[in-house]
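Got chain A sorted already, so can you dock chains B, C and D onto it with the hints?
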Amino acid sequence: MTPISSFLRFAHLPQSRVEMTQNANNKTPEQLEGHHMKLKKLTLAAALIASSLASSVTFAKDDDTIKVGVLHSLTGTMAISETTLKDTVLMMVDEQNKKGGLLGKKIEAVVVDPASNWPLFAEKARELLVQEDVDVIFGGWTSVSRKSVLPVVEELNGMMFYPVQYEGEESSKNVFYTGAAPNQQAIPAVDYLMNDIGAERWVLLGTDYVYPRTTNKILEAYLKANGVEDKDIMIQYTPFGHSDWQNIVSDVKKFGSTGKKTAVVSTINGDANVPFYKELGNQGISAEDIPVVAFSVGEEELSGFDTSPLVGHLAAWNYFQSIYTDENDAFIAKWKAFIGDEDRVTNDPMEATYIGFNMWAKAVEQTGTTDVDTVSDALIGMATPNLTGGIAVMNPNHHLSKPVFIGEIQDDGQVEVVWETPGTVRGDAWSDYLETSKNLMSDWSAPMNCGSYDVVKGACTGAK
Amino acid sequence: MVKPFLALFFVLSFLGMAFNVGAEEQSFEELVAELPDTNFKTLPALLDKFAEQDDPRTAILLTNLLGGDVYYHPRSQQVITMTKVQGERQFIDVLTSEVIAEPSGVRLRKVRVNNSVRSHIRQLQAQQNISDSNPDVRLKAVKNLLSDVDQISPQLLANRLQKEQDSDIHALLSAIAALHELDSGDESKQLDAINTLRGNLQPDVRIALMQLQQRDALPETVRDALNSTLAGIETQRKWYGWAENIFFGVSMGSVLLLAAIGLAITFGVMGVINMAHGEMIMLGAYTTYVIQQAFPGLIEYSLLMAVPAAFLVSGFVGIVIERSVIQFLKGRPLETLLATFGISLILQQLVRTVFSPLNRQVAAPEWMSGSLQINPVFSVTYNRLYIILFSLTVFFALMIFLKKSSLGLHVRAVAQNRDMARALSVKSNWVDAATFGLGSGIAGVAGVVLSQLTNVGPNLGQSYIIDSFLVVVFGGVASLWGTLVSAMTLGIVNKFLEPVTGPVLATIIVLVGLVFFIQKRPMGLFPQKGRAE
Amino acid sequence: MLAKLMRLSSVQRVVSILAIVGIYVILANTLFPEGSFFHVSSYSVNLLGKYLCYALLALALDLVWGYCGILSLGHGAFFALGGYAMGMYLMRQIGDRGVYGNPELPDFMVFLNWDSLPWFWQGSDSFVWMIAMVVLAPGLLAYVFGAMAFRSRVSGVYLSIMTQAMTYALMLAFFRNEMGFGGNNGMTDFKDILGFSLQSDTTRLVLFGLTVVILAAAYYLCDRIVTCKAGKIITAIRDSESRVRFVGYNSASYKVFLFTFSAVLAGIAGALYVPQVGIINPGEFSPINSIEIVIWVAIGGRGTLYGAIIGAVVVSFAKTRLTGIMPEAWLFALGGLFVLVTLLLPKGLVGLFDKRFPAKKNTTAQENAA
Amino acid sequence: MRPAMMTPEQTGPDTRHGMILYMENVSVSFDGFKALNDLNLYIKEGELRCLIGANGAGKTTLMDVITGKTRPDTGTVSYGQQFNLLQHNEEQISRLGIGRKFQKPTVFEALSVKDNLYLSLKMDKGIWTSLWHNLSGEQKDDIDRILHTIGLTEHRDRPASVLSHGQKQWLEIGMLLAAKPKLLLVDEPVAGMTVSEAERTAELLTSLAGEHSVVVVEHDMGFVRSIARTVTVLHQGSVLAEGTMDAIQSDPEVKKVYLGEEGNA
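Chains as they are written, first to last, in my numbering: chain A, 1 to 464; chain B, 1 to 533; chain C, 1 to 370; chain D, 1 to 265.
Looking at chain A on its own, in the form it has when it is part of the complex (with noise of 0.2 Å):
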């Protein structure tokens, strides 16, 4: 019996309800003959087509591979910083494989498009979970992906792993965060200004959504609490893709004429910042006057515009290609050789990746299993080395421990280290700084198990 007689004896079913329906329509015996043959046809194209959207289900799971989903953006204004990140979880799924896979099976990594579309991250998300049952998934790199994700991944128990620096306030027990917290990012930033350079006056520049607006009250709540006076904050948001910057920048170098030593903290997202740099250097801003520190901007981002005028101007992450360390070297060979290109760079949310998808592999070796609840309990507590010299620790609150480094930015569009921290930093999901978050702390190990514990009234807030 071939499935498409199948499909017109099971046809009858919904068509008779049709039929008594039509009915009800006073038509004569004669229309309803022709209805009878219309919809034959119709219920058959009906069901191909809503067969063809479950076509995959039909796929049976192939024993002998892993499956690791790979979601990021490859098209749309997200695919110039995420494609990197496909790239590089390819890569490490290349070299997995060449060491033999993971229990002895092949890794498989399917990619998906989510193209910059916050929907179609959640729908992609359900896809590789549901459709191709994918054991892993690497993925996201704005806040809103992330969030889109999330309830997804939290439904169907899957797991995955974000690694981008982003505002904190979160935690998941299907989400791991190998990105930077503000505290491992934008606090030892400010005290480097503020201790080093002498900052005393602030400008707070960023795109006007979550990720700048939480680190900016962090940060406001944080030089406050260091004496900093209101008059000499200066916050100022900017749409997505903002491109002319003439006003902000004179700005800004009219705030900084006032004697006292001015810096700006940067939250500017990915696009707008090439215009913002090219103004800075344009108008004159130096870094010795008016030092910027950047949180997105990377080696990534830098190799797309002449950063000459840029010279000296910060950026604070936790990784950056000029650090030397044997691991790194190798690292950055790997990846030119991969991607076939000596001029391209690495940079930090591709080592996140690195180190997560090297402590996730660790895990299901150790297990021997790839069942979600084993390894995250495995994770939790996992170390591998990460690229500048350190061990990376997964902590109970699904965030990473990671050393900060400040770097001045040269000439070549490389990150040069200024300063850095003696050791790790424990990565904060909830920060310290914001009165609605102070109590709050997340552990997922046994016997917390809690993304939001509220250590005053001693209860687990919210859903889980």
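Calculated directly from the structure, the hints in this document are not laboratory data.
The beta carbon of each residue, even a glycine, is placed where N, CA and C say it ideally should be.
Some clues are possibly wrong.
[Claimed, not checked] Residues from chain A that keep clear of chain C, each with C-beta distances beyond 12 Å, as calculated:
| no. | residue |
| --- | --- |
| 1 | Gly284 |
| 2 | Ser303 |
| 3 | Val425 |
| 4 | Met448 |
[To be verified] When the alpha-carbon atoms are kept at most 25 Å apart in a straight line, the in silico BS3-like pairs for lysine-lysine are as follows:
| no. | chain 1 | residue 1 | chain 2 | residue 2 |
| --- | --- | --- | --- | --- |
| 5 | D | Lys122 | D | Lys34 |
| 6 | A | Lys260 | B | Lys140 |
| 7 | B | Lys143 | A | Lys261 |
| 8 | B | Lys143 | A | Lys260 |
| 9 | A | Lys67 | A | Lys99 |
Same frame as chain A, now just chains B, C and D:
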């Protein structure tokens, strides 16, 4: 009892030794050998020692350190400068000043400098350069001193004031002298100093005056003079603030104009809802990139070459699009939206495939960098200045072209009445292709300009398409003058709103204003005139 | 035989197909075990539900564009407003299950240190309020915008670009955190609706069924509108507005009515979309989204109501499949599809379809019934 | 929708002085060109008036002014004694009972012939009525009668787009009839018609006069002669002469500026 003496002796002799060692002049070679072991804290002291020497290599070393070009070999500790000469890397041994081969097999380690080291180097240079024979170097050095006037001794200052011939530098030196006097505490000297500084717009001068104002014990006369001088400075600053805003507005307007003017032709004149207009801009920007890659030695001229090249590339693509797609959609203008949207997706992905999704680096030529300092509080950046001039040039060239050339005549004829033009045997097919090519080509030229301002990436076009449509519609479709006025209006309004409302709200207000404006004038600023319909 | 087939009017056809698809999908999802050839997975139900929301949105646009010549490049705004109304309601249903555990305020407000709900959130925890807002928010915006624009006789590209400016301005406004709608992140992590968990398959199935029913009802309504006398006037306005005025019709009021009705449909589509997709954010206001709606309608076939539905489903389906199958080249395929359809199928996909299964003219069908 | 509009439509123009249309001192200019120049025109109730004049004499502009398409720079236009037409827009003017047939036949191409007439019927034209409206028996009869009058009965269900030029002219006249206007403005009704068609048109227009006031703009002097009782000659935006056809033809002024130019017509 002996012990303390002994201890003192040891301490003293140790200090003496240290002093002796320090006093002993180190050779340039010895100092260079210390470079690899320095850090940000120790480097400035080492550089001071370099400065005390008279070695001619020091100046070169300082310049290279400033540029971050000094490296050392991790094993041999050989100190090397690595610079790029015409895109090629060149390695020079610091001691011998000779070009050497690229050290193989190792990543050279950098002698790292940070902002404080760099500003230390600049001050070392300034102290040396204040007596330099080149007036430009002197000017830079004196400006550098202005922010910290105590770096220069009154004797040296008096000496320089006497010798200095250049009036600009002399004025700056007198300002420095006046700043010295401000602190003197002598009433008449202070008054003289304040009068010297009257009308001086240097931010450092203003700061010094404001600091003086903060002091409690000031003679009445000094305070009066101080207040009036500061008030004068503030008034001037306010005026120049306005001038600056207008400049910003015009400059934003000219960017909008450039981006929209091509669309004014394809959309305004031909009626094609050209969603691929942004991608034509993008192609122009990528053309600039390709030109710079092809002629790495000619960065200074790359833009001049890119303008015609981008015009041709985008124009050609435009003609191809017109011939292959749009010509079949005559009389179905709304469907051109669909087709050109498809084309725009394809072009974006094409660029992504060919050039990678990453932004490409387009260098700014020297003459486009920096700013023209009109006075210390008002400067205009060169790139914006050239862009204003360039976009107006393009605009008027296009106007003249449409007025005088036969193609222009045909374009206008077809735009006004297609059937009539055809009846008069204007080959409207050919005219359409040429018009679309012209509009696309100008969009490409806009891309060259935008490559100097923003990201050169696959999404470049997307960020300008909406603005372009708004500009054309606000101005009145099919009116080039309208496009000019509309672009400038939007730019200036935006730039005057922005300081008050912030950029996000400014854009929203402009958009809502536009919607209301169109209710009043449903055909834009410059509607097409005519009796019927 | 063919003659008999032709008797079926398009409205009956579409409603039948929708009923069949709806019932088939629901039954196939519940009756057949997973892994069976006939099983339609919950994932597919969800996806299909999303397509049908898009179809409703396309239907709304086709009504104004295909029948009245109003090319709105801002219909995404109405869709998003409906979605936001639903999102606000769903947000309030989270109650104290948010991360900060505040029973009253959504998480993002707690984070912004707001201590009480802003006025426009008052009542948002009521289902009835939500239904009212889903209709009123897009409806009022469309009414005000339409009343201004159509009375001032803004038309053609001017109108199109103004609608685009409208949605663009709204997008920027909703991006602002001060607006109180969650800024760039929008609203997400919804828990339940009317007490039913949004994660449960049954709720999903019910939402899907509801979407089918509403789409069918909307189709029927739209069909009624375009075939009644007002519909004829609307078509006449599309072809020669000034003539309609000389015949004595206040064309502006017809356009305002149609535009408002269409916006309400779009808002309902948005409200159905949000619980099925799980997120609403300002990206829905982006002008590109609105252009996409136009593309669906054009691909399907403008001026035929079922064309809009076909276009929305086909393009969305293509996007889903292509972004999975060929993640790096799907834009080529999609872009190529747009160009080819425009060139080869000026009437859209239904142009193909109509030649093979020409539907009986609606007008005559109606007359027979009368 | 707008019940307030019902009243004037029901009352109709106040024609107690025998005049249905007053145009006084009307001037219109486009970019300096005076299309109408201090024009005065009065139309009596039930009158059939022909307007003639060279191209650019202002005939179409005059109609535009009456029907609200163009606003005059100066002057007054009133319908009956009580309606100042300058305060009304096209659709209101139409509902007041002024119908217009355009120079270029404009019918609703996508609609059937019958629907073209249906839309033109005199009735409430608000959106709510239109949404729920079904043709009454009386209205169906009206349509059938008009279809018969204009000779398009067998084309009733065909789209108007397939009609010939002449048929479209007829349809447009039919649409005018359906609207039952008090005042008809007819711009070149016989352009593109055969001789016999033109004759029927002349007959129709003549029969309309009396019950309706009719203003006809026409170039075809033969046609004008066949229907006209009073002829108004426009020249450079003003009335040059007014009177019977014979009087006009013997007017030396007219001869000079108009017939002299197009004397062979």
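Quick rundown of the hints versus the structure:
1. At roughly 31 Å, the least C-beta separation between Gly284(A) and chain C is larger than 12 Å, which holds for a residue marked as non-interface.
2. Even its closest Cβ contact with chain C, about 21 Å, leaves Ser303(A) beyond 12 Å, as expected for a residue assigned away from the interface.
3. For Val425(A), the requirement that its beta carbon stay farther than 12 Å from each beta carbon of chain C is met, with the minimum near 23 Å.
4. A cut-off of 12 Å between C-beta atoms confirms that Met448(A) is not in contact with chain C; the least separation is 15 Å.
5. Taking the CA atoms of Lys122(D) and Lys34(D), the gap is near 36 Å; set against the 25 Å cutoff, the hint is violated.
6. For the hint pairing Lys260(A) with Lys140(B), the CA-to-CA distance comes to about 22 Å; that is within 25 Å, so the pair holds.
7. Annotation: proposed proximity of Lys143(B) to Lys261(A) holds, straight-line Cα distance about 18 Å (limit 25 Å).
8. The suggested pairing of Lys143(B) with Lys260(A) holds, with an alpha-carbon distance near 18 Å, which does not exceed 25 Å.
9. A C-alpha spacing of about 16 Å is found between Lys67(A) and Lys99(A), which places the hinted pair at or below 25 Å, so the restraint holds.
The structure shown violates just one earlier hint, number 5.
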